[in-house]
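Student: Assemble the complex: chain Z is given as a structure, and chain L must be docked to it using the hints.
Protein chains: 2
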Amino acid sequence: MGEFELIRHYFAAAACARAGGDVVLGIGDDCALLAVPPGEQLAISTDSLTAGVHFPDPCDPYSLGQRALAVSTSDLAGMGATPIGFTLALTLPFVDSNWLAEFARGLDAMAAGCDMRLIGGDTTRGPLSMTLTVFGRVPVGEALLRSGAQPGDLLCVGGALGDAAGALPIVLGEREADTVEAAALLRRYWSPQPQLALGQALRGKATAALDISDGLLADCTHIATASSVSLLIEQARVPLSDSLVRFAGTEQALQCALGGGDDYLLAFTLPADALPTMQSEGWPVHVIGHVEVGEGVRLVDADGRSVGIGHPGYNHFTN
Amino acid sequence: MGEFELIRHYFAAAACARAGGDVVLGIGDDCALLAVPPGEQLAISTDSLTAGVHFPDPCDPYSLGQRALAVSTSDLAGMGATPIGFTLALTLPFVDSNWLAEFARGLDAMAAGCDMRLIGGDTTRGPLSMTLTVFGRVPVGEALLRSGAQPGDLLCVGGALGDAAGALPIVLGEREADTVEAAALLRRYWSPQPQLALGQALRGKATAALDISDGLLADCTHIATASSVSLLIEQARVPLSDSLVRFAGTEQALQCALGGGDDYLLAFTLPADALPTMQSEGWPVHVIGHVEVGEGVRLVDADGRSVGIGHPGYNHFTN
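Chain order of the listed sequences is Z and L.
Going by full-length UniProt numbering, the first residue of the first sequence is number 1, and it counts up by one from there.
Going by full-length UniProt numbering, the first residue of the second sequence is number 1, and it counts up by one from there.
Only chain Z is shown next, with the shape it has when bound in the complex (with noise of 0.2 Å):
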């Protein structure tokens, strides 16, 4: 089977028409065609992946394909957008038919999820690699920044934090799997679920957001900057799952939230009048902290004293 058939073949399912009407013209001509709603912007977000790098070489190609696809949509959380689509470029060593179709149906259960459609891609030989880009649509004006954060707001994430970097020993087969918590923490590595949802319900309300990939304290640094603000962060705040707890202790499980890295849930910035209705409506908002004039971010400890920030989140080249 030819490059030019391969990604038609087993991508089939995810290149389907959904229900989004956006994509004018999907895989098969020189360019994909999208229409934007009048009224509306074009969010974009690209990332790679590379096996050995941000995923175990070998590992499950169905986990794989749903991980590749969420890490990437949840940049269209953090932004409030409504996912459209997205492009694939894969690279391979050799065509296994198998790992393929596994890897496609991980890939589609995400895409189905999401409601996004394969629009684009490319298939080359090389080293077990891929990049996603993925679009969504956001009305002009409300997409989520990081650069609007005001002193006085509440500092917030969508959720308890850790579990992904709780997994990482189980991933890389330095630990054991087999217990209840363990389970929990592998399906919030592998299968990580964008908060879609709970980025649009804040368009027109957060003052700043971003979705948490290298970590809680690396990623609200980068609000805090973006902002010119300084963020606090009341470490007993910080939501903590019993798995990770059970699993890792609470030390090693806040060391987790704090600087590991791989959630995808949310942190926000939210003016303290607009969280009543975020809670009533049912919304997972855990306030963390708040807002300061200041820089940087820093951490408290019940009593409020400062505690010493280590890990500042994973960086590909410093580490």
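One or more hints might be untrue.
[Stated by the list, open to error] Label-pair restraints from in silico Cβ distances:
1) Z/Ala13 with L/Cys16: 39 to 45 Å
2) L/Gly304 with Z/Gly52: 54 to 60 Å
3) Z/Ala272 with L/His9: 36 to 42 Å
4) L/Val95 with Z/Gly204: 24 to 30 Å
5) Z/Asn98 with L/Leu275: 38 to 44 Å
6) L/Gly152 with Z/Gly52: 24 to 30 Å
Since the hints were derived computationally from the structure, they do not count as laboratory data.
Keep in mind it's a predicted model, so treat the numbers as computed, not measured.
Every residue, glycine too, gets a C-beta built ideally from N, C-alpha and C.
Tutor: For chain L alone, kept in the frame of chain Z given last:
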């Protein structure tokens, strides 16, 4: 220097605002934001280049930067789109400042020539490769598809073919490069010029179009299949450059033009009555055949006799 500063530092020039006002938000947030003018649609294409597959390793990073963007942008030309910007996912085995600076300079030179802006990216560690996703805009209903060729239309190309394929033995170090002809062919390999203006001029005139990347015969087959027609190519009318004929000889030059790939010039079908206007306006339109009822591509010699078709174009997973 950390991953986050890397792209910003070296690619600052390419990320700067250019004439087009369609980029609402560039590098630095979860997503870039594009505004698409009313009455227009967004054209999107993705291409990966892997060291040792799509370019020799090592090679001149400035030339590589130019070529990487040209290859992708040529797909916008093939749709008749006006370029807006691009994302770059760059995988590097290690950080080499000189290499990055030169690569970025070459990329920016091509970006400036095409009036495009770098709007996002990702940098990861791994074997050298890159994926570029390019964005352009095109008026609703005017994109040049592969599917509209009609029996009776003329089959045309935008210039002399085969130069890049002719340069391949030099690129691979199999032949010396100390002649004027060799230098001309190398320029066509490393610095192809996407025919953006021609593509835009063909809107509303050409019935089908694409950019020739896999070789004339292979790409004409794509038009024939998408349009459910047959394309007849008159071998004697396929334009060849003097440089290529002198460097490779007439027979080999023709093989480069028919099957070589990497031309990044347009092939298109044009109703006969549209030809005089295009020619009087000075567009590079070379008629090489015509569209017939039927299927597939047929190559004929000067006497109208069918010629066997050999190499069907480059294909990463079958060659």
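Student: Check each numbered hint from earlier against the structure, then list the numbers of those it violates in ascending order.
Tutor: 4, 5, 6
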